[in-house]
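Make the full structure from the sequences, and use the hints.
From first to last, the protein sequence lines are chains A and B. Per our numbering, residue -18 is the first one in the first sequence, and the count goes up by one each step. Per our numbering, residue -18 is the first one in the second sequence, and the count goes up by one each step.
Calculated from the structure, these hints are not laboratory results. These numbers were taken from a predicted model, which means no experiment stands behind them. Please note that a few of the clues may not be correct.
Repeated chains share a single entry, so a pair holds when one copy, or any two copies, can fit it.
Below, simulated EDC-like cross-link-like pairs (lysine to aspartate or glutamate); rule was C-alpha separation at most 20 Å, straight line [what the hints assert, rightly or not]: (1) 181 to 192; (2) 144 to 192; (3) 70 to 59; (4) 70 to 51; (5) 125 to 309; (6) -15 to 226; (7) 55 to 121; (8) 99 to 8; (9) 34 to 72; (10) 125 to 32.
2 protein chains.
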Amino acid sequence: MEIKQKIEKANEEAVQRMISGLPVLVDIAPAGEVVPGLEDRMIMHSGPPIEWKKMCGAQRGAIIGALLFEGWAKTPKEAEKLLNNGEIKIEPNHHHQAVGPMAGTITPSMPLWVVENKTFGNRAFCRQVEPKQQFGEFSEEAIKGLELWRDIWAPTLRQALNKMGELELAPIITKALQMGDELHNRHTASSSLFANEMAKGIADADIPKKETMMTLGYITGHNLIFLGLAMASGKAIADAAHGIDYSTVVTAMARNGTDFGIRVSGLGDEWFTAPAPVVDGLYLPGYTSADGGLDMGDSAITETVGWGGFVIGGAPGILSLVGGTPEEAIGYSKEMRNITTATHSTYRMPGLGSIGTSMGIDIRKVVQTNITPIIDTAIAHQDPGYPIIGAGLVRAPIECFKSALIAFSKKYSGD
Amino acid sequence: MEIKQKIEKANEEAVQRMISGLPVLVDIAPAGEVVPGLEDRMIMHSGPPIEWKKMCGAQRGAIIGALLFEGWAKTPKEAEKLLNNGEIKIEPNHHHQAVGPMAGTITPSMPLWVVENKTFGNRAFCRQVEPKQQFGEFSEEAIKGLELWRDIWAPTLRQALNKMGELELAPIITKALQMGDELHNRHTASSSLFANEMAKGIADADIPKKETMMTLGYITGHNLIFLGLAMASGKAIADAAHGIDYSTVVTAMARNGTDFGIRVSGLGDEWFTAPAPVVDGLYLPGYTSADGGLDMGDSAITETVGWGGFVIGGAPGILSLVGGTPEEAIGYSKEMRNITTATHSTYRMPGLGSIGTSMGIDIRKVVQTNITPIIDTAIAHQDPGYPIIGAGLVRAPIECFKSALIAFSKKYSGD
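Below, the structure written as structure tokens:
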């Protein structure tokens, strides 16, 4: 068999695995309980590997917040000292079956969404999505949000889920794509549908009224609560397609605010990186592009499996947040067909005549066409200490795909 | 002032009243408690006035079902006898501030959504939306659905709403239009958002677990539950714009499966009717167009205030139900600008660059352009005894608008 045929076959296998992935929420558990290899005094972060000293401002701010949250430090100064002295271990989420939005910090006591890919049995984890600490803010209020998640909301949801048994996420994802969500920055529909499912579980689990009211208030008022579930789903789906010899399909895109990195199914655990790009976005009042940090977060796992920017044509409601016209948005979704391997059989875009979502990014096609994946994303400040400041669109840097393709040629040149 | 100016001024007033309408759910109460003029042994129905003997099959079936539900008859035969003998009074919903989906039957013990237009203080009522009795089915199962609504779901929701005080519907409507609902046949988003709100009220009202679980199951599983609320909202909004001298704006479109009727703001309570048209639709398995009854229901009150077919361009998810392409749907929404008076300042369509919904149908513009309002609607069987059999698109008959314009000329010819 010629190499080209081997690649086609491998890519077909990769996308078939992605299409047949069945993400199911099976637990909401403290990271320390469930994440393999997560040690005490260790913090996980978004994107490819990076040292504390090379981290961007927002990621440093979030890491300081994470230390305060865990009680490993009492003040930001104390936290910085520990970090500067190398007393806190730092590793990427992706090295532990996990993903995290923006700075992506995960620490042992933080409850995570635990999603199992029922088709293949692998699990993936994602942390809570919130508008402050994950963007680099480490104020008392930012830490309070994490504490409420740890002490009230997550344990209540866990009890409810235990009563429910588990929750299939594919039906929510399918429906949300028909309801104007793109499953990266617009989760209005999926969050509402998810809240309805959990409301039944909460009622059925006989949870005390105070916790019930607080948690119902949280889940029905949180327009992005499903992002954490979509990210864990994306990771569980993409991981099952990883490690197929000869496959040129991308199985991770992740950014740490300094570097943008990709992983490829047939290229093992190596990251192919390039400097994180600038996001072309709209800013919240009081902020301008001069404040904006570079592209950051594991959330591009949604684009990796064909959501986010890839389905933005079906989510015109997001344009007030990220900019652009409905026609441009549809243009992006159509453009992504040029660099992908297949269309999904279940996840469809009604605004584009109900065609399936384009998925299975092929590094060969990206390099050949010079079309890079479009990602819609939130924007963090370039300095530590700020909440979300904007959102916009960004393209994955072509250099990642080029260096991956070179590595691919080297690895498989014997054939 | 010339008559043309008087009309423009009156129409401006009519649409301003529509735009400023603020629908709020204030109660869920048995019709007999709240509907003015609803007597014992009286049934209200959809569309313009019609006698029992001239009713279409589906409406007759639904009326038989309503008698069985009220216990006024024990068998369909007995019901028919009472009706043939004129022992049951029959009047249109629209004559009692009410609207009802499809056959639209409302009887005294049936709980209704009570929506108050807070800007003007007027109230409107709509009944529960379900897939059987309102389409003409009068089986035990169909009646059971009404009984559950009367005995469990509605009283539970009423208790919850009492605890909540009231529920503003405009935020749900606004959000749902950003989420692919057109607020006539697609209510996936609005129903989900509504269920989110009611779940909190149910929890807060300390309702017993059995009723809680049954009602949460009902509201989270009913994709069209918000249609009744949208219809009551539409009626409350349109009624406030009715009765303005010189206004050529349509304030009601309603069908009884035999006749299609409209009312016009400046033309009092007169109905301008034409034979109900055939719906161009898709049929559920086992049915064909040969089974389909003619256009039926008060639900075109949604199009009257600028929703439904008028915003179908923003609701591509509905096309699998009613047929057509996303481009055609956007075309309909754009076309409706030609026959309307204004665009709404709050209700917007993200898929059309976030322009406001077109509203305030002007009978002059309809007649001048020969463009008639587009309505997307469900389809009932032509014979009594069937559930929903399909859905599709239909145009309001031009004759209604022509005869209204003639009446308008007569009424205001002295000027």
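*Among the hints numbered above, which are violated by the structure, and what are their numbers in rising order?*
5 and 10
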